[in-house]
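Chains as they are written, first to last, in this note's numbering: chain Z, 1 to 450; chain X, 1 to 288.
Don't take each hint at face value.
Ranges between beta-carbon positions, derived for each pair [said to hold, decoys possible]:
1) 70/X with 418/Z: 32 to 42 Å
2) 267/X with 202/Z: 37 to 47 Å
3) 61/X with 300/Z: 14 to 24 Å
4) 114/X with 421/Z: 42 to 52 Å
Simulated coverage check for chain Z against chain X, where a stretch passes if three residues somewhere in it have a Cβ under 8 Å from a Cβ of chain X [as the list claims (entries may be wrong)]:
5) 54-64
6) 88-97
7) 286-294
Below, in silico cross-link-like pairs of lysine to any residue (SDA-like), each with a Cα-Cα straight-line distance of 25 Å or less [what the hints assert, rightly or not]:
8) 272/Z with 61/X
9) 76/Z with 226/X
10) 297/Z with 70/X
11) 351/Z with 70/X
12) 203/Z with 52/X
13) 55/X with 266/Z
14) 203/Z with 49/X
15) 367/Z with 348/Z
16) 173/Z with 48/X
17) 272/Z with 69/X
18) 375/Z with 306/Z
19) 72/Z with 71/X
20) 297/Z with 48/X
21) 55/X with 277/Z
22) 173/Z with 43/X
23) 233/Z with 214/Z
24) 76/Z with 70/X
25) 272/Z with 43/X
26) 226/X with 55/Z
27) 226/X with 104/Z
Worth flagging that the hints you see were computed from the coordinates, not collected in a lab.
Idealized CB from N, CA, C, for every residue including glycine.
Listed here are the chains, written in short residue letters.
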Amino acid sequence: MKTTHRRGLRRLVVATAAVTAASLLLAACGGSDDSGGGDQPQASPDAVNAALEKGGTITYWSWTPSAEAQVKAFEKEYPNVKVNYVNAGTGNDQYTKLQNVIKAGSGAPDVAQIEYQALPQFALPGSLVDLRQYGFDTFASAYTPSTWTAVHAGDGLFGLPQDSGPMALFYNKEVFDKYGIAIPKTWDEYVAAAKKLHAADPKKFITNDTGDAGFATSMIWQAGGKPFSTNGKAVTINLADAGTQKWTGVWNQLVTGGLVASIPGWSDEWFKALGDGTIATLAIGAWMPGVLESSVKGGTGKWRVAPLPTYDGQPATAENGGSTQSVLKQSANPALAAGFVRWLNHDGGVKPFLESGGFPSTTADLKDPAFVDKKSPYFGGQQINQVLTGAAGSVVKDWSYLPFQLYANSIFGDTVGKAYQSKSDLNPGLKAWQDALVSYGNQQGFQTNG
Amino acid sequence: MSTTTSPLRPRRSPLLTGLMLLYLVYTLVPLLWLFLSATKTQDDLLSSPGLWFGKSFALFGNISDTLTYNDGIFLRWLGNTLLYVVVGAGGATLLATAAGYGLAKYRFAGRRAVFAVLLGAVAVPGTALAVPTFLMFSNLGLTNTVWAIIIPSLVSPFGLYLMWVYATDAVPHDLLEAARIDGAGEIRIFFTVALRLLAPGIVTVLLFAVVSTWNNYFLPLIMLSKPNLYPLTVGLTQWSNQATGVGARPIYNLVITGSLLTIVPLVVAFLLLQRFWQSGLSAGSVKQ
Numbered sequence: 001m002k003t004t005h006r007r008g009l010r011r012l013v014v015a016t017a018a019v020t021a022a023s024l025l026l027a028a029c030g031g032s033d034d035s036g037g038g039d040q041p042q043a044s045p046d047a048v049n050a051a052l053e054k055g056g057t058i059t060y061w062s063w064t065p066s067a068e069a070q071v072k073a074f075e076k077e078y079p080n081v082k083v084n085y086v087n088a089g090t091g092n093d094q095y096t097k098l099q100n101v102i103k104a105g106s107g108a109p110d111v112a113q114i115e116y117q118a119l120p121q122f123a124l125p126g127s128l129v130d131l132r133q134y135g136f137d138t139f140a141s142a143y144t145p146s147t148w149t150a151v152h153a154g155d156g157l158f159g160l161p162q163d164s165g166p167m168a169l170f171y172n173k174e175v176f177d178k179y180g181i182a183i184p185k186t187w188d189e190y191v192a193a194a195k196k197l198h199a200a201d202p203k204k205f206i207t208n209d210t211g212d213a214g215f216a217t218s219m220i221w222q223a224g225g226k227p228f229s230t231n232g233k234a235v236t237i238n239l240a241d242a243g244t245q246k247w248t249g250v251w252n253q254l255v256t257g258g259l260v261a262s263i264p265g266w267s268d269e270w271f272k273a274l275g276d277g278t279i280a281t282l283a284i285g286a287w288m289p290g291v292l293e294s295s296v297k298g299g300t301g302k303w304r305v306a307p308l309p310t311y312d313g314q315p316a317t318a319e320n321g322g323s324t325q326s327v328l329k330q331s332a333n334p335a336l337a338a339g340f341v342r343w344l345n346h347d348g349g350v351k352p353f354l355e356s357g358g359f360p361s362t363t364a365d366l367k368d369p370a371f372v373d374k375k376s377p378y379f380g381g382q383q384i385n386q387v388l389t390g391a392a393g394s395v396v397k398d399w400s401y402l403p404f405q406l407y408a409n410s411i412f413g414d415t416v417g418k419a420y421q422s423k424s425d426l427n428p429g430l431k432a433w434q435d436a437l438v439s440y441g442n443q444q445g446f447q448t449n450g
Numbered sequence: 001m002s003t004t005t006s007p008l009r010p011r012r013s014p015l016l017t018g019l020m021l022l023y024l025v026y027t028l029v030p031l032l033w034l035f036l037s038a039t040k041t042q043d044d045l046l047s048s049p050g051l052w053f054g055k056s057f058a059l060f061g062n063i064s065d066t067l068t069y070n071d072g073i074f075l076r077w078l079g080n081t082l083l084y085v086v087v088g089a090g091g092a093t094l095l096a097t098a099a100g101y102g103l104a105k106y107r108f109a110g111r112r113a114v115f116a117v118l119l120g121a122v123a124v125p126g127t128a129l130a131v132p133t134f135l136m137f138s139n140l141g142l143t144n145t146v147w148a149i150i151i152p153s154l155v156s157p158f159g160l161y162l163m164w165v166y167a168t169d170a171v172p173h174d175l176l177e178a179a180r181i182d183g184a185g186e187i188r189i190f191f192t193v194a195l196r197l198l199a200p201g202i203v204t205v206l207l208f209a210v211v212s213t214w215n216n217y218f219l220p221l222i223m224l225s226k227p228n229l230y231p232l233t234v235g236l237t238q239w240s241n242q243a244t245g246v247g248a249r250p251i252y253n254l255v256i257t258g259s260l261l262t263i264v265p266l267v268v269a270f271l272l273l274q275r276f277w278q279s280g281l282s283a284g285s286v287k288q
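Isolated chain Z, as found in the complex:
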């Protein structure tokens, strides 16, 4: 159907973007010339305040639903500043454009939304402004540790966290009650629940998974795996470490047993399956309630939230999704752009973001009783944020993505995806993924070991 077609197309786009990114990396190795910056005003917190007062025009690329409302509120507060808001596409569509304009040396926005997993790919080649020069490193305590780590690459600080996605277990209580399934606390219990459910009704599945790189990396993260590490130009990839194998030990049982639905995430079929009980649980980021409420009307009153199952019963989770706003090196007015980012994710912009259903990365909002104790009618009156904010505090530390994660994700389907298709052991697939990534990394000028 059209989803598969779209995936193919998207892969082509990502591959093209990756080629562009590669030449970008090489160009960056050749020497950091001024990519359009010109004479920049002296960088300091004062420079940011002065730039906001003085005003000017900046361009902002984002696909966040609240972006338009945020820009309006910002312009009201700083009447001298004009923000050209552009929705240049969701995720990969935007990255393709971003990488092209970076390569071309002109046409980049001043501020762009970038997902955490994509940040190293833009930050390490030097396409983003290090915000430490504006004193933003003093904001550390305002954000959760996991998102604060995610906006760093190397030593630099390349954005402020917009949101976070600590994973939790969303489950369909109606289905659980009907088949007498208890909320699984460990992954072993989860596998048992999957078997019980599918045996009771072969049309129902514990979850769906057709091979999604974002999900797999988050699950490896939760299991304590650290498959990717980058130190300067040295990249190490080990997709057979203890944590990764812990995850495949569980997930293999589901995949080889045919216990997960072959429904691609985010397809119309998926939205349908979330509403009619075909998919009974989702291990996904804390931003999911907004999506369920607005787009899975059929699930009203049925869904609940529980902590993500773990391997030993002790709380542990990972981030899944989430974005930062970053300032591009090409910006002619980086101080003003930084001021906009500060407002968006540290000051006035947070409230409109949360009102549109986003999940915060700011510790103050995560502790705010009005947020934490809010009862959600969609979730049958459950105080879901108590679970979700709890998850935000138990994210496993020291995870990092590859400096070519977008490319890596685009070939996940060709390597690990095959194991999903044939319902076989995921480990050889992960090995194939690793081999492909090692040779790709070496072609890109990294010293890659696997």
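Since the structure of chain Z is already known, use the hints to place chain X on it.
Then chain X, alone, in the frame of chain Z:
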């Protein structure tokens, strides 16, 4: 192909008829699905079978939502597509016609070289050239303008090749000689004599150019980052991808209705120009 005359009443073959019917179903079912889906609300879309109507008949509501969503950006995309098609495909047809005629009817040094380059150009898919073209246009400051779409659309190697082949047979040398003896200039001969003879070929090339410009996706995706300049293809993809990830807002009903609206003009163009197209397709297949 053989030049023997075919019998006036060929025998019916049940096998071929069956295959044709099968192909007809294969071709029409997606269109049927598209139409039926366009009559459903977002909720119905997710809760009713694909090849039948949903609980409600929301086609007109969907159409008006599609046309008004996001301040009516769909109409803007439609206008953009029309602009790119009229100027890009129209210009491509004109250029291909003039060049094809010139190559077919004049003897000059380098014709063979042009032929080789042309064949090479037909073989290279436009998608492969999109990123280099982007970098070139970026240096010229033309990205994010309508010219970034129109200028590459003006070049149609396949159209040129088709016109070349067609003009070789369709315009007799003797006729051109006669016109020259009567004192007509070359430009005048092209516009008053050749163009009329070439009409079926022109329609064929025009149809090909219209379809490829109408469906052009990758080039505008790369070239444009302002949604105001998007053609329908890129705009609809953006709507479709809106259903993904953090803050997902699926509007599949609008994507589907938009797709239906997008193909209607093409279907109409095909039905109207079909006759010319058929006579154009067989051009050059039979030596007269």
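Results for each hint:
| no. | hint | result |
| --- | --- | --- |
| 1 | 70/X with 418/Z: 32 to 42 Å | holds, 39 Å |
| 2 | 267/X with 202/Z: 37 to 47 Å | holds, 42 Å |
| 3 | 61/X with 300/Z: 14 to 24 Å | holds, 22 Å |
| 4 | 114/X with 421/Z: 42 to 52 Å | holds, 48 Å |
| 5 | 54-64 | holds (count 3) |
| 6 | 88-97 | holds (count 7) |
| 7 | 286-294 | holds (count 4) |
| 8 | 272/Z with 61/X | holds, 21 Å |
| 9 | 76/Z with 226/X | holds, 24 Å |
| 10 | 297/Z with 70/X | holds, 22 Å |
| 11 | 351/Z with 70/X | holds, 23 Å |
| 12 | 203/Z with 52/X | holds, 22 Å |
| 13 | 55/X with 266/Z | holds, 24 Å |
| 14 | 203/Z with 49/X | holds, 16 Å |
| 15 | 367/Z with 348/Z | holds, 18 Å |
| 16 | 173/Z with 48/X | holds, 23 Å |
| 17 | 272/Z with 69/X | holds, 23 Å |
| 18 | 375/Z with 306/Z | holds, 15 Å |
| 19 | 72/Z with 71/X | holds, 16 Å |
| 20 | 297/Z with 48/X | holds, 14 Å |
| 21 | 55/X with 277/Z | holds, 20 Å |
| 22 | 173/Z with 43/X | holds, 21 Å |
| 23 | 233/Z with 214/Z | holds, 24 Å |
| 24 | 76/Z with 70/X | holds, 22 Å |
| 25 | 272/Z with 43/X | holds, 9 Å |
| 26 | 226/X with 55/Z | holds, 23 Å |
| 27 | 226/X with 104/Z | holds, 17 Å |
This entry satisfies every hint, going by the numbered hints stated previously.
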